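So the sequence lines, in the order shown, correspond to chains D and E. Here the numbering used here runs 3 ahead of the position in the first sequence, where the first position is 1. Here the numbering used here runs 21 ahead of the position in the second sequence, where the first position is 1.
Since the hints were derived computationally from the structure, they do not count as laboratory data. Bear in mind the structure is a predicted one, so any value in this text is a computation, not a measurement. Quick reminder that beta carbons are idealized off the backbone N, C-alpha and C, glycines included. Heads up, a few of these hints could be off.
Only some residues are given here: those of chain E computed to face chain D with a beta carbon under 10 Å [said to hold, decoys possible]: (1) Gly154; (2) Leu365; (3) Ala368.
Listed below are the simulated DSS-like cross-link pairs for lysine-lysine, each with C-alpha atoms no more than 27 Å apart in a straight line [stated by the list, open to error]: (4) D:Lys279 to E:Lys316; (5) D:Lys279 to E:Lys313; (6) D:Lys176 to D:Lys301.
Over the 12 Å line for every Cβ pair with chain D, so calculated as not near, a few chain E residues [what the hints assert, rightly or not]: (7) Asp36; (8) Thr74; (9) Ile120; (10) Trp158; (11) Ile404.
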Amino acid sequence: MAYFLQQLINGLTLGMIYGLIAIGYTMVYGIIGMINFAHGEIFMIGAFVSIIAFLLLGMLGIGWVPLAVLLVMIVTMLLTSVYGWALERVAYRPLRNSPRLAALITAIGMSIFLQNYVQLLQGARVKPLQPVISGGLRFMKQSDFVVSFSYLQIFIIILTLCLMVVFTLLINKTAFGRAQRACQQDLGMAALIGINVDRTISLTFVTGAALASVAGLMFLMNYGVIDFYIGFLAGIKAFTAAVLGGIGSLPGAMLGGLLIGLIEAFWSAYFTVEYKDVAAFSILVLVLIFRPTGLLGKPDIEKV
Amino acid sequence: MAPPSGTTTILPPLDRRAVLKESAYIAIFVFALAFGLVGFKTEDVPGGLEIVTRFGQVFVAALVAFVGRLGMILLREQRPVPVLWGSAAFAAVMLALLIGNLAAPAADLTRYLPFGSVVINWLVTLLAVVFFGRAVWVLRHRSRAVTAGREAVMDRVAARVQRSARVIGPLLLGIAIVFPFLPVADRWLLDIAILVATYIMLGWGLNIVVGLAGLLDLGYVAFYAVGAYSYALLATYFDLGFWVCLPFAGIMAAFAGILLGFPVLRLRGDYLAIVTLGFGEMIRVILLNWYKFTKGPDGISGIPRPSFFGLPFTRNPPDGSESFHSFFGLEYSPLDRIIFLYYLIIALALVTNFFTLRIRKLPVGRAWEALREDETACRSIGINPRNTKLTAFAIGAMFGGFGGSFFATRQGFISPESFTFIESAIILAVVVLGGMGSQIGVAFAAVILIGLPEFFRELQQYRMLAFGAAMVMIMVWRPRGLLAHREPTIRLFPQGPPVKEPKT
Numbered sequence: 004m005a006y007f008l009q010q011l012i013n014g015l016t017l018g019m020i021y022g023l024i025a026i027g028y029t030m031v032y033g034i035i036g037m038i039n040f041a042h043g044e045i046f047m048i049g050a051f052v053s054i055i056a057f058l059l060l061g062m063l064g065i066g067w068v069p070l071a072v073l074l075v076m077i078v079t080m081l082l083t084s085v086y087g088w089a090l091e092r093v094a095y096r097p098l099r100n101s102p103r104l105a106a107l108i109t110a111i112g113m114s115i116f117l118q119n120y121v122q123l124l125q126g127a128r129v130k131p132l133q134p135v136i137s138g139g140l141r142f143m144k145q146s147d148f149v150v151s152f153s154y155l156q157i158f159i160i161i162l163t164l165c166l167m168v169v170f171t172l173l174i175n176k177t178a179f180g181r182a183q184r185a186c187q188q189d190l191g192m193a194a195l196i197g198i199n200v201d202r203t204i205s206l207t208f209v210t211g212a213a214l215a216s217v218a219g220l221m222f223l224m225n226y227g228v229i230d231f232y233i234g235f236l237a238g239i240k241a242f243t244a245a246v247l248g249g250i251g252s253l254p255g256a257m258l259g260g261l262l263i264g265l266i267e268a269f270w271s272a273y274f275t276v277e278y279k280d281v282a283a284f285s286i287l288v289l290v291l292i293f294r295p296t297g298l299l300g301k302p303d304i305e306k307v
Numbered sequence: 022m023a024p025p026s027g028t029t030t031i032l033p034p035l036d037r038r039a040v041l042k043e044s045a046y047i048a049i050f051v052f053a054l055a056f057g058l059v060g061f062k063t064e065d066v067p068g069g070l071e072i073v074t075r076f077g078q079v080f081v082a083a084l085v086a087f088v089g090r091l092g093m094i095l096l097r098e099q100r101p102v103p104v105l106w107g108s109a110a111f112a113a114v115m116l117a118l119l120i121g122n123l124a125a126p127a128a129d130l131t132r133y134l135p136f137g138s139v140v141i142n143w144l145v146t147l148l149a150v151v152f153f154g155r156a157v158w159v160l161r162h163r164s165r166a167v168t169a170g171r172e173a174v175m176d177r178v179a180a181r182v183q184r185s186a187r188v189i190g191p192l193l194l195g196i197a198i199v200f201p202f203l204p205v206a207d208r209w210l211l212d213i214a215i216l217v218a219t220y221i222m223l224g225w226g227l228n229i230v231v232g233l234a235g236l237l238d239l240g241y242v243a244f245y246a247v248g249a250y251s252y253a254l255l256a257t258y259f260d261l262g263f264w265v266c267l268p269f270a271g272i273m274a275a276f277a278g279i280l281l282g283f284p285v286l287r288l289r290g291d292y293l294a295i296v297t298l299g300f301g302e303m304i305r306v307i308l309l310n311w312y313k314f315t316k317g318p319d320g321i322s323g324i325p326r327p328s329f330f331g332l333p334f335t336r337n338p339p340d341g342s343e344s345f346h347s348f349f350g351l352e353y354s355p356l357d358r359i360i361f362l363y364y365l366i367i368a369l370a371l372v373t374n375f376f377t378l379r380i381r382k383l384p385v386g387r388a389w390e391a392l393r394e395d396e397t398a399c400r401s402i403g404i405n406p407r408n409t410k411l412t413a414f415a416i417g418a419m420f421g422g423f424g425g426s427f428f429a430t431r432q433g434f435i436s437p438e439s440f441t442f443i444e445s446a447i448i449l450a451v452v453v454l455g456g457m458g459s460q461i462g463v464a465f466a467a468v469i470l471i472g473l474p475e476f477f478r479e480l481q482q483y484r485m486l487a488f489g490a491a492m493v494m495i496m497v498w499r500p501r502g503l504l505a506h507r508e509p510t511i512r513l514f515p516q517g518p519p520v521k522e523p524k525t
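So here's chain D without its partners, still in its complex pose:
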């Protein structure tokens, strides 16, 4: 039981990170119907900006942890969303009316480019960071096993929940959110009623990038090491999460992320660590076979 609980906690933490990245995929897919293949790299850039910001703050001597984390979060959200914006501008806007495959190729190209760009600028070695938040709660002490719920995990879960609340308000209550939802339903119609479609799509990429950058920050704090290659696998898994939850659906992305995180944690705990990625993909295949629109996705009717 204690072991199960521990895996549940680990899985939830991991799932929160995947969920935050998955939202970026699902939003972009919902609005322009394309897989933003370079989204994983945006997450990776977020992690790199975070580590740089942490090191700088360390040099400046800002040691109070809540302030430091808050500052790092603001900096990484700002700087990473510029990359999200640039990505849309360079790789998606010129191709909006082109065959879908073309946009996929530019996205893969951007992904390769950004990976090597970061590798070139920051070096190929892994970057370690000292734990920022340490300590934690320990409970259910059994003979040889203690469930530990670290403050870091608590922080990640609470921060994700807060971000989700803010994000939901953003989508449901603000003008941008309304424009975003309108564009999601029908781009042409939204343009006709005076919504600036270009700007809405740009902002969608920016919002997705900001959330992914926080995920990058969490990943950095959770694992303590990053390299330029982390974006690929995290990106694929987050996309899997988005599909699992039903692509285009925002709560679905979060749910899918949580499920992927849990599957991964439990699989590594009870079966084999090596095949945890295989497990996530197998689940994806099963879901797609039996429920092709994902868990919360609306079935889309193909018109002739």
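With chain D fixed as given, assemble chain E onto it according to the hints.
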């Protein structure tokens, strides 16, 4: 809108403030992009990381962006003269510094260069030259229609290439056949040619799936891996030769294709893409972790080389048997084997090409193309979409398997490292950049994407960067692919004299 050439046109006055504002926006934007990752570098020091700042580079990047944008606006607004002089002066100074640096490294001219990296300096210089050329072009044409017409020009080129494929194809083939005997063909060049030909073959194989059947496959490398490992394992476990294993490898890969395709082929495009991607990763993870069978990350070494009708390419054949050079009474040359491999892959590629061309005219090939265009219509006329897609998937996978076993025999060593997602992405890029469905386009794209970077091996670290950038730029420039041009394979009412079906 285009003013007739020869007449002077009155240009609208330039809104200087707006121009400066737009350029400044770009500069600020580039500054924000560069600030975090270029401005600070994390350096490994004992006991953690240290930050090194490079603000100079950030400012220079922003300045270059500002000037570049300004130049672009001026060209767009038909004012080429300042751009002409500016870019000429800049390029001249840069070239003087760079060449001076090459000629006399002792003078330490690099400290006057704007960027720390020599490659970036050359790139900026090249950019200035491009600006110069464009300014000259605008000065001579003074017409806006030019930019609009560029797309059409390239379309016409593509159409012409397709139509003259009958001539170009055999011509290129002839060059490919005599290539190893040209005096320029050394070991290095032959290796590149083999690599390019491998990608051409894989591109043609994937073209069946992506170009003809319209199924987006992001996991083609899985079949490539299955082919390679089938051959390597059969050869090392059962001591079988290349030619015996080749069909097996193809069959195994096709079988893997069916196995994967059966459950997932009813999915729509993007879902299919992600599932195939996942499958590719799964195969790699399994190869990596099934240590007893595949030797995991250590890979399989000592894979036998192919033989020429049983004649091995060795200097000293075992007693009582003959090797290639002794049988034909030639001087032994290590190049023999390379040349043989080269012809082998050319032959495999040609088989793929021939197969594709012929199968396009069979009912199943026509069904693929019909499915690509409209699945619902196909269903209503009685085509079974799943079986049709499955054949495309299996046949594409089979060629991937052939390519894989060729890869294994050429390298003599394989490990899961060689079958990462990037490989799938490169093969897909070859197909899409070339223009889907166009056989010559695929060959062309393989030469550009695979061959060209090989010549820049020294710039190792910039190679993939440039590769990614090239993928983006080519796609933005020609979203349908470099030589995309679709001719219907069959016409209902051929107009005029019977139209010969162009071979693509």
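Cross-check of the supplied hints:
A distance limit of 10 Å between C-beta atoms decides the matter here; for Gly154 (chain E) the minimum to chain D is near 22 Å, and the interface restraint is violated. Hint on Leu365 (chain E) is violated. Least Cβ distance to chain D is approximately 30 Å, over the 10 Å limit. Evaluation of the Ala368 (chain E) hint against chain D yields a violated restraint, the C-beta minimum of about 29 Å exceeding 10 Å. Under the criterion of a C-alpha separation no larger than 27 Å, the hint pairing Lys279 (chain D) with Lys316 (chain E) is consistent with the structure, at around 20 Å.
The hinted pair formed by Lys279 (chain D) and Lys313 (chain E) meets the criterion: a straight-line CA distance of about 19 Å does not exceed 27 Å. Taking the CA atoms of Lys176 (chain D) and Lys301 (chain D), the gap is about 22 Å. The hint holds against a cut of 27 Å. Residue placement check: Asp36 (chain E) keeps its beta carbon more than 12 Å from all beta carbons of chain D (closest about 21 Å). Consistency note on Thr74 (chain E): stated as away from chain D, yet its beta-carbon is not over 12 Å from all of that chain's, at 10 Å minimum.
The Cβ of Ile120 (chain E) lies farther than 12 Å from every Cβ of chain D, with a closest approach of about 25 Å, so its non-interface assignment holds. Its beta-carbon lying about 21 Å from the closest one in chain D, Trp158 (chain E) satisfies the requirement of being farther than 12 Å from that chain. With a least CB separation of 15 Å from chain D, Ile404 (chain E) remains clear of the 12 Å interface cut-off, as annotated.
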